[in-house]
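Chains Y and G, in that order, give the protein sequences.
Residue numbering for the first sequence follows the numbering used here, beginning at 33 and increasing consecutively.
Residue numbering for the second sequence follows the numbering used here, beginning at 33 and increasing consecutively.
Check each hint, because a few of them may be wrong.
Since the list gives no way to pick out one identical chain from another, each pair is judged satisfied if it fits inside one copy or across any two copies.
Lysine-lysine pairs mimicking DSS-like chemistry, simulated, CA-CA at most 27 Å apart [as the list claims (entries may be wrong)]:
id, residue 1, residue 2
1, 480, 114
2, 687, 715
3, 338, 210
4, 210, 334
5, 975, 955
6, 373, 254
7, 73, 86
8, 480, 119
9, 421, 44
10, 114, 487
11, 253, 338
12, 955, 976
13, 229, 210
14, 480, 49
15, 480, 44
16, 402, 44
17, 603, 119
18, 86, 715
19, 480, 686
20, 271, 49
21, 715, 689
22, 949, 976
23, 254, 338
Source of the hints: derived by calculation from the structure; they are not laboratory data.
Everything numeric in this text was worked out from a predicted model, so none of it was measured.
Protein chains: 2
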Amino acid sequence: NKPFIRLQHTSKPALAKLAPLDTFPRRHIGSEGNEVQEMLKQLGVKNIDEMLAKTIPSSIRSPKPLAIGEGIPERQLLTRLKEVASKNKINRSYIGQGYTDTVVPNVILRNVLENPAWYTQYTPYQPEIAQGRLESLLNYQTMISDMTGLPIANASLLDEGTAAAEAMLMAWQAGRRKKNLFVVDENCHPQTIACLKTRAESFNIEVVVADTFHYSFAEHKKSLCGVLLQYPDTRGSVKDYENLTASVHAAGGQVAVATDLMALTLLKSPGEFGADMALGNSQRFGVPMGFGGPHAAFFACKDEHKRRMPGRLIGVSKDAAGDNAYRLALQTREQHIRREKATSNICTAQALLANMAAMYTVYHGPEGIKAIAQRINNLTSVLAEGIRKAGHTIENDGNFFDTLSIKVGNSSSILQKAAAVGINLRAIDNGTIGVTLDEAVTQDELSKLIDVFQKDGAPAVSVEELSAVLEQNVSTFPNQLQRTSAYLQHPVFNSYHSETEMLRYIHHLESKDLSLVHSMIALGSCTMKLNATTEMIPVTWPEFSNIHPFAPVDQSEGYLTMLNELSDDLKEITGFEGVSLQPNSGAQGEYAGLRVIRAYHHARGDEQRNVCLIPISAHGTNPASAAMSGMDVVIVQCDNDGNLDMEDLKAKAKKHKDRLAAVMITYPSTFGMFEAGVSEACKVVHENGGLVYLDGANLNAQIGLTKPAEIGADVCHMNLHKTFCIPHGGGGPGMGPIACTKELEPYLPGHPVIACGGQNAIGPISAAPYGSASILPISWAYIKMMGGEGLTQATRLAILNANYMANRLGEHYEILYTNENGMCGHEFIVDIRPFVENGIEAIDVAKRLQDYGFHSPTMSWPVTNTLMIEPTESESKAELDRFCEAMISIRGEIQQVIDGKLPKGDNMLNSAPHSIKTLMADKWDRPYSREVAAFPMPYLREKKFWPSISRIDDAYGDRMELFMLLSMQTSQLSPTPS
Amino acid sequence: NKPFIRLQHTSKPALAKLAPLDTFPRRHIGSEGNEVQEMLKQLGVKNIDEMLAKTIPSSIRSPKPLAIGEGIPERQLLTRLKEVASKNKINRSYIGQGYTDTVVPNVILRNVLENPAWYTQYTPYQPEIAQGRLESLLNYQTMISDMTGLPIANASLLDEGTAAAEAMLMAWQAGRRKKNLFVVDENCHPQTIACLKTRAESFNIEVVVADTFHYSFAEHKKSLCGVLLQYPDTRGSVKDYENLTASVHAAGGQVAVATDLMALTLLKSPGEFGADMALGNSQRFGVPMGFGGPHAAFFACKDEHKRRMPGRLIGVSKDAAGDNAYRLALQTREQHIRREKATSNICTAQALLANMAAMYTVYHGPEGIKAIAQRINNLTSVLAEGIRKAGHTIENDGNFFDTLSIKVGNSSSILQKAAAVGINLRAIDNGTIGVTLDEAVTQDELSKLIDVFQKDGAPAVSVEELSAVLEQNVSTFPNQLQRTSAYLQHPVFNSYHSETEMLRYIHHLESKDLSLVHSMIALGSCTMKLNATTEMIPVTWPEFSNIHPFAPVDQSEGYLTMLNELSDDLKEITGFEGVSLQPNSGAQGEYAGLRVIRAYHHARGDEQRNVCLIPISAHGTNPASAAMSGMDVVIVQCDNDGNLDMEDLKAKAKKHKDRLAAVMITYPSTFGMFEAGVSEACKVVHENGGLVYLDGANLNAQIGLTKPAEIGADVCHMNLHKTFCIPHGGGGPGMGPIACTKELEPYLPGHPVIACGGQNAIGPISAAPYGSASILPISWAYIKMMGGEGLTQATRLAILNANYMANRLGEHYEILYTNENGMCGHEFIVDIRPFVENGIEAIDVAKRLQDYGFHSPTMSWPVTNTLMIEPTESESKAELDRFCEAMISIRGEIQQVIDGKLPKGDNMLNSAPHSIKTLMADKWDRPYSREVAAFPMPYLREKKFWPSISRIDDAYGDRMELFMLLSMQTSQLSPTPS
Ligand SMILES: Cc1ncc(COP(=O)(O)O)c(C=O)c1O
Ligand SMILES: Cc1ncc(COP(=O)(O)O)c(C=O)c1O
Ligand SMILES: O=C([O-])O
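In isolation and in its complexed conformation, chain Y is listed as follows:
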């Protein structure tokens, strides 16, 4: 019988009897009362404080409780947030510039974006229990490849700005990192140019913004690595880039094209005119604007660049039974990140939004999307006609798709007129106004918009009259740019066009994927905790969804209030004084933080400070981010206990004293340890002139107990998609804001369109000023509902749960790296290496866990052939016990192999997982029974998640290198070569 954790205080006991009961901490935290007692008993401690004393160095414990108010009950929270949200003014935005309104099909909204079975998924590293989203992401890749006319596309990047930076770096790498000139067309989106510049600077790439039609590439043959064009460009022009592309190629450069998927349904594709790469935002394919994000950026390239492809790539392979199957083509944890040699650090991307865009494509099909694009173009033609009639000049008349740049003389009166009727236009420059139309525009809206451009007192013109222009059937862009090639011919884009079929397709894919709706996902370093419904509900409120990131700031008061409150809470939690909400992933946070450190040193004239110390155990993104920040990575060793080797650190800090820029430490460490030496490490680095970057991926183990600032750090990022309840979405979205000291605050990233960041802001590191703003209500709500005490209790339980499990499993497996009291932090590592000689590796245990209904813990990271387990506070003791019992049962199975009762190589571990098809085959000739394979524990007969395929054949997939949808016939894949 569970007593509530009420966490509501009042000095008046009578008033307490009126306190609301829909308190959140007891819903968020999995165990209470008796269960906590039982776990403490297992650990042989009296209470949580005693456990913590054995776990966390007392020197870094926070002196005061978190100054975050009492938890707000769930219902009041939503009332409060609705009030805040209502302060946003939802104008009709025709600003364009990479973001437009879109008609989100409600069947996708409800069944993907609002569905925990989709949004609580993890990145599909375990393909046997992730075929659904792998198929959907492959649909996405196929769609991108079709539309761009390029053979290889990845499964999403963070935003168009960073995608452009990735293209630049791909070009730079293609030039063997020797050619440092990158030319950007002046009519690329301003935020894209700004992101490029930020990224270029630390690689010493020279970005030249130019009129590329009048740029002499031949003259720069030696230094030119590439060019970025935009198609249609930011002012709406649709230009023929074929000759331009040829001349860039002649000069040895690569051509990257920032483009628009909707336009490409009517326009010749970049691939067809010779582009090497294409990129852009898939937002307008059914993903709300959300004040800037999250949306999926896309990236496609020629085959010759595929080894340099940033981000995740889905591939086709076979399973052990020989059936077609999908997988992450770069299978092990973020191997595409090249650590010290990296030009990209992308890890968390935008999987959920890529899935939405893919589903939008599946629902509409090639003709549906083309019709939408044609209608947008028709609307634009009629608008153009109205504007002509009103006597204005259209700068790009005769070459537009959906965007007009209009010469209006003095813009301000038109902008005012627009504002008065709730319309946002783009003020390109003093005499020029931009208008971008979208599929949601109605005839009435068009009419209202045309009115805005009428001269005062002129008689109103009707859309009906103006639409006569459409009868002439003239193309609004050069004829040679008409698309003639086919796209989206695969059956998947031609089968699910009724809502019933669409619903079933979504649900069918969903049914193949294990997510938090099924069982715990104890991924070390990933903090797969509850993504509560009350946190998620506001994400799809129109007040947050339907606002353009570059809307005038007086329209986003609701957002700004929420963002400020969130920043304040994050400051209190980290102990820092500045916060930037711009980075839209943890890796982006690292990069932003290091760039801020760099800016700080440079401002002090310490331009030589470019050595970054990184422990050998660090996540791959750390060295990658350092490299991308122009730093030299120097590795610091760890000792046998998994702790930083203090002597090595001191030696290296001293050695590089004059050039020391920073150290990057993860705390608790990537081994899950509260290293006692952390403050000393910070001190050493400070003493040698460096600053301390704290990777906050493991912040869930700190909140309320200690703070990055108290530990001695100068800046840290927070993975809001780990600690602060943004769901993982199958590989994104995420958010990685950074917090820093007062000294670093002036350098926090800015933005070219919307003022934000510090006084000496570095350039933007994301395309939107506040990253993926529309998911920030999740973290805001989590903090507000938990309150200071609830947050602290969550940390306490996260650590208790980990230690409880470590203790139970410690009786059966070796646990790596516990401290001198035998304690771990919020996660721990189980060693599988002792069984390798018996043919059992970590992957076999991971796959066998699927047969027990569980997702594998983090596999072979940070140590090969181990499993790292992080339960989080949200899992109940009952679930922890089920997981432990599965692991213990597996240990028994291993023992049978060790004892020779089952053959090495042919047992339920090596052959795991067991799919339904395998288990129901008429033939069964394995040395263990079907029932042992299928139901190794009794609870599985009542409740089990089934892997939909047998074990993936990675070697085969690597050989095949197929990254697009095939026709559904198996015959398209050749039989496994022997």
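With chain Y fixed as given, assemble chain G with the ligands onto it according to the hints.
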């Protein structure tokens, strides 16, 4: 390649190029273009018109197209409805009277109410693919039984008013229908009393409303069948009914208690003080008020009454493998409806809402709910103290739970003051105001409420001060009424209290249930069509959810606008002039319609007209409704073709000429036929003084092609949960509004609290004026989005789909009852009787279909050992083909049995369905292979829904008679007796 069905017209082709593309008909209708052509080809007709000419008598074809406007695109529809909804004013309602605000746990809102995998389920007649909702409904029954202290509870009734009527009729039946006095306490809810009176009248039961404490039951021993009490009563009093109950019993009567689940957590249960039945509304257990519905009414009774239990009852049994399993205890189609002897006709109930209430209980557990109730009681105590201090008298001081009746002198000034601050109170009578508190009340709201009662100029009193009253710990009701008995001790109510656990429990149950998210559910007479997301979204908008049904009418302008528009559209569709939106199921519609007919005859002095002709083929609810309306049912035969036997009809109409009240016909007939003689039948009945009731269950085959009024009917009901897209919710909610001629309109049902209905309105037949109002936006949206042409196209496709399937299957099975052109209507019947001699019955085909991933069509109704198939327009040709191929493959399996290749009684049909457990058992000794059992068609390897148990053992369940949750141990069920 599918062309769109745009259905948007405009005489200007250029303007058409700007028409919106998110048109709904092409999403709602499963097939288009080529697929339609292929189906027509199969039928050997050139176009749909030719097919219709062969299907529907030309005499009844509508002369004009539907005068319903163009279909509104999806996005505009929601914009438009939001505007309408915003006209509702959401005040804080303390009106009580059976409806209160509630804190709906968001995890339940999103994952049950907003989840198509729950809301598109059908009634769980196929237990092997419905164990999830069966468990949840059993949770509901268990909860009701626990709270009321009575051993038998059903799985929901429609509303509290009709539940009270059911109790009265149970008492009446217990008195062998001979004792006709039913006494109702004067402090029952007014709408309950009114519903009772309506229902009593046609049974000639005398309802006496009295002060039951001062009523001499002993004096009425001969006639007294029962008494209805309310506990707490409508004015809030909590009285000790123990002695009263004893005296009713002594006088031979039954005691029914209308009660409140929340109060029962603190109060002695009705069962404990001797009540025979208990009933009420479970709305406040986590179901929004929704302007009156839908919510689940509950009903519990003593064991001796269980054979008279109305509605559906979930029971415990075993499956073929001997495992515990749940099922509908009265398994075959509505056998609990006793046709001509019926006192109840309930069929569609409130399953989805019962599930919500059950989940609310699971989430909170016994202590959680008790804490909520105690807090409500605390709030009420503080309010009482404030009111006392303000100098008012509380009528029920010393005996209240959550409701106070306050003597205020002149109420109007207080009511005005309340209204001014957005508060609704109950005006009980001129000097008395009622206030009912609920779990959502905050301290601020309480304070605001207390202020309303302050005398002008009096100093404000704070809640804090007033709450001192709680320190005295005095009970607010008589001490002997304190609850001491335990409740909700079953593990299911004590395990899922964190959101993560709750989410997984909901999802686990969901995963066992086949719904429209998986495959077509071709249930004849049930019209399982798409329940589109855009239709469903408004249901959970606060503007529709959070409004009390008895709120002042000026607060429900949005609702009234929407209801009027819906009524107008339904008039156009039926050709009638009056509509009542009150009946909240089809059966309630029938009852309402017949009562209106009865009132019409009575008003003309034709009181003797009480014969109702009903075809032998009619749905069980028809004779039941007639009997409940005080009519004598006379059966009319059908001929060998399934048509009404016109000679028999004429003869019987003539014979009963003087007493003829009505005929009830279903059109198309329950055999799915457009009977040619329908107009003549109507004429015959009219000529003999009767009126025509048309059962509109099959209206989906009429819309746009013909109309009930044109056919010759006088009144009809419409199952909005069939034809008009309200989802079936696993057995409700539904809506069964009626439409009628101008002559009948004056009698449309009224309501005692909210004025509605005709000028000479019959009494209410539902507790709320507009039935389950909050789901009416679904039908409103469907009609508006389809437009007249879209609706007509839907009918055409529904008929085409049925004929296509009948034609394909006709090559393999006998199709019963096609017309002279070989055509059926929107459904058709497949005959399984020829195979009975081979041991194959309809149930075997039904269960084997589960192995093919399909829900069975309607089984053995209207003809034993047949399957009735209704595809609806929403299914694609691809899905129709999959279903046909499954049926054809099954026919092949039957042939193997006929040919002796498989033994009679031991084959894949008789042993179907095959659960995963069975198929993976180590032992397999059946005469067919595992793979044949599991994957009889190739597509099943890719996509299959798995039955979670083997075939249910109905005989065992009937013997066991267990209707509550057992502890989870199998041991609690004794082994199958031999
Ligand atoms: C320790 C650590 N640092 C950084 C990251 C990168 O975060 P993101 O995936 O949000 O870019 C991760 C992600 O797993 C991590 O575990
Ligand atoms: C022909 C017919 N009439 C009446 C009904 C009863 O409708 P409801 O279940 O909504 O009460 C049904 C339900 O299946 C039916 O098929
Ligand atoms: O890699 C992660 O998504 O955490």
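Output the numbers, in ascending order, of every earlier hint that fails for this structure.
-> Hints 10, 19 not satisfied by this model.
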